[in-house]
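Asker: Heads up, the sequence shown is in the numbering used here, so the first residue is 920 and it goes up one at a time.
Think of the hints as simulated: they come from the structure by calculation, not from any bench.
Owing to the predicted nature of the structure, the values given are computational and were not obtained by experimental measurement.
It is possible that part of the hints are untrue.
To be verified - Calculated pairs, DSS-like style, for lysine-lysine (alpha carbon to alpha carbon, straight line, at most 30 Å): (1) K1007 x K924; (2) K984 x K970; (3) K1007 x K970; (4) K936 x K984; (5) K924 x K970.
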Amino acid sequence: MAVFKVYRGDAAGGEEKAYEVPPIPGQVVLDAMHYIQANQSQDLAVRWNCKAAKCGSCSAEINGKPGLMCKTRVDEFGDEDIHVHPMKSFP
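Turn these sequences into a full structure, and let the hints steer you where they fit.
Answerer: Here you go:
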């Protein structure tokens, strides 16, 4: 299982919450976020539009670096936990 630690909260504060996601070949972070939203936390807000790395609406801080969730593959992280936070520049 891949472990995702997703920031839950708002500008006033929050914390990471851990979710386990079954790995699937070719899976990207956005796929995992959709899995979490559908199966574990229906109130999770996830923004995306094209899923083709063109629009930038799925931007997030992934393990401390800005990136597109639709382009960042889960297998890049090996056995590391994957931390997903909102972009620091977008409150």
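Asker: Which constraints among the numbered hints does this structure fail? Numbers only, ascending.
Answerer: none
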